[in-house]
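> Protein chains in written order, with our numbering: chain A, 23 to 278; chain B, 55 to 385.
Don't take each hint at face value.
Unchecked claim - Interface residues of chain A toward chain B, partial, derived using beta-carbon atoms under 7 Å:
#: 1; residue: E74
#: 2; residue: I78
#: 3; residue: L106
#: 4; residue: M109
#: 5; residue: Q113
#: 6; residue: A151
#: 7; residue: P187
#: 8; residue: D191
#: 9; residue: V197
Stated by the list, open to error - Pairs of lysine-lysine residues, derived as DSSO-like cross-links and limited to a Cα-Cα distance of at most 30 Å, are as follows:
#: 10; chain 1: A; residue 1: K39; chain 2: A; residue 2: K238
#: 11; chain 1: B; residue 1: K138; chain 2: B; residue 2: K337
#: 12; chain 1: B; residue 1: K65; chain 2: B; residue 2: K357
#: 13; chain 1: B; residue 1: K138; chain 2: A; residue 2: K39
#: 14; chain 1: B; residue 1: K125; chain 2: B; residue 2: K353
#: 15; chain 1: B; residue 1: K138; chain 2: B; residue 2: K353
#: 16; chain 1: B; residue 1: K205; chain 2: B; residue 2: K138
#: 17; chain 1: A; residue 1: K248; chain 2: A; residue 2: K164
#: 18; chain 1: B; residue 1: K138; chain 2: A; residue 2: K164
#: 19; chain 1: A; residue 1: K164; chain 2: B; residue 2: K195
#: 20; chain 1: A; residue 1: K175; chain 2: B; residue 2: K357
#: 21; chain 1: B; residue 1: K337; chain 2: A; residue 2: K238
#: 22; chain 1: A; residue 1: K175; chain 2: B; residue 2: K359
#: 23; chain 1: B; residue 1: K337; chain 2: A; residue 2: K164
#: 24; chain 1: A; residue 1: K248; chain 2: A; residue 2: K42
#: 25; chain 1: B; residue 1: K309; chain 2: B; residue 2: K65
Hint data in this document are derived by calculation from the structure and do not stem from the laboratory.
Cβ atoms here follow ideal geometry from the backbone N, Cα and C, with glycine treated the same way.
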Amino acid sequence: MTSSYRLAELMVVRCAKEIKDGEVVFAGVGLPLVVVSFAMATHAPNMILFTEGGSIRATAPPGLATTVDDPVLFNNADATFGMLATMAFLQRGEIDVAFIGGAQIDKYGNINSTGVGTWSSPETFTYFAGSGGANDMATSGKRVLAIMPQDPKRFVERVDYLTAPGYLDGPGARVRLNMIGGGPSVVVSTMGVYRFDEITKEMILAEYFPGHSAEKVRANCSFDLKAATDVRETELPTEEEIALLRNIDPTGFYLR
Amino acid sequence: MSFQDKRMSLKEAVCRYVHDGDSVYYGGFQIMVPMALTHEIIRQRKRNLTILNASTDAGGLDLLVAAGCVKDAHLAWAMNWCAKAPYAIRRAFQAGEIRRFDLSNFSATSALLAGFLGIPFVPVRGNIGTDIVEYNTDDLKVIEDPFTGEKITLARALRADVAIIHAQKVDPLGNVVAWGTRGVTDEFGTMGSRRGVIVTAEEIIDTEVVRSDPDRTIVPYLKTLAVVHCPWGAHPSACRGYYGNDIRFCEYQGKYERSADLLPKFLDEWIYGCEDHQAYIDKYISMFGREGLDRLKPKTGFKPKLEVEYGYHDPTVWQGVPPYTDKYIRG
């Protein structure tokens, strides 16, 4: 247990635990890049990392990747392909974990990374960067991890723009559209950890972060969030975990 | 394109080969962004460009949009990652000054691949079921697979009139050399372009050197219109093997991008006020010191240990050698 940790550090450590050793993980830009480095340095030394920039590697990059095509990802990589060839592993259904960020999410785990407002009324629409690879990862990864900030405008009944598919409008929707991936599995927010109900496909609160409660998390969610029967407080990261993480991102590029 | 020395200045290359109203394949990804070419297009006040790419960082597209060069953008992702938002693109979209045709990285890459292959579209997984296909009906369409009847998304070919890229090395003819990914999407966007590519590069090397290791050529000379020797041509994005992302400068530029009032001052000071890319780099040194650039130098000592031999076999060794025979196979 540690007394001093940053919120982003708690999120990264918690999220890393969702990656199993030996899995093939496709990581998007941002915190996912830190999570995979952390996982490879701890419990998942045999994880294989893919990025859109074209890197395929079975070893942790020797330094912090600030982008998905950062040269550090190609240093002693196993293969350096372009975007087409690495993302083709998604298209063929060969990626175990697709790992993305996002700006807005709804109860079925649909993610918006394009913008808020009404797209067809441009004056109301505030653009973010756009899908990048999030749509492809969410469509075709065997399971999807998402890491993102939470407040009532970000956890909504219906996303303003559906960029990356979760369970769409509920059970069966992904299968009807011939999506090969399994859909969202776990979401880690700035307040807690979510899973999805196997029957209804709705997001349910599995854990709340220390200092929060299930009620407080629900108050920061605009849809009727159900809590798991065994909802509990997330374990704090250890001193060793925090020290390791700060060694991966010593300047706080991601973890400020 | 002919077999000739295509070296020229940045100014001449953009003047001759980028025209108002062109569609432009915009090279690079989060690194290798063609920033020197971006600045020169802004200096020459090109108008009504359509930008094609998968993803682009370093705020290059924000600068082009703020300078009024862009009409449409077909892409998956654009911003200055250190600024955390695409401020100029956002404002221009809200004002109705640009149109966005959103794709995903794979559908954008596949659309560029279709252009590269000279075919009208390619099927892709993804995009189906989302607002990407809902709103970008110019580039995407969901159909039933004619063989199985299952739903699948088609990405229409994206072919630019002209491509602009930054590369590590190029020879005077325009053979473009890259390593550490073969350009992410640059080979498709470039070879799929109708007229060809303008290449800025850190180094110009001899053709015989390129030919000694042709596996590294991502674009053959016949697609190249212009070759520009341009050190720091991707700054403030990284150029693999030459310099890293200039995070401090991206943050600095991002503070200008954030403000509609301040951004024109960045364009004045750093682009219109600089005669060429060397003047931009000189300005950088005068403001932030040579040590600012020195900090970007990569850790080196990672030359390949794998030896490659392009030796070939000469079939004249068979001259005079009688056919091989045995008890079943007779001469």
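> Indicate, hint by hint, whether the structure satisfies it.
Hint check:
| no. | hint | in the structure |
| --- | --- | --- |
| 1 | E74 | holds, 6 Å |
| 2 | I78 | violated, 10 Å |
| 3 | L106 | holds, 5 Å |
| 4 | M109 | holds, 4 Å |
| 5 | Q113 | holds, 5 Å |
| 6 | A151 | holds, 4 Å |
| 7 | P187 | holds, 5 Å |
| 8 | D191 | violated, 9 Å |
| 9 | V197 | violated, 11 Å |
| 10 | A:K39 / A:K238 | holds, 24 Å |
| 11 | B:K138 / B:K337 | holds, 25 Å |
| 12 | B:K65 / B:K357 | violated, 34 Å |
| 13 | B:K138 / A:K39 | holds, 27 Å |
| 14 | B:K125 / B:K353 | violated, 40 Å |
| 15 | B:K138 / B:K353 | holds, 27 Å |
| 16 | B:K205 / B:K138 | violated, 35 Å |
| 17 | A:K248 / A:K164 | holds, 25 Å |
| 18 | B:K138 / A:K164 | holds, 29 Å |
| 19 | A:K164 / B:K195 | holds, 24 Å |
| 20 | A:K175 / B:K357 | violated, 49 Å |
| 21 | B:K337 / A:K238 | violated, 51 Å |
| 22 | A:K175 / B:K359 | violated, 52 Å |
| 23 | B:K337 / A:K164 | violated, 50 Å |
| 24 | A:K248 / A:K42 | holds, 27 Å |
| 25 | B:K309 / B:K65 | holds, 28 Å |
Figure legend: structure checked against the earlier numbered hints; hints not met, in rising order: 2, 8, 9, 12, 14, 16, 20, 21, 22, 23.
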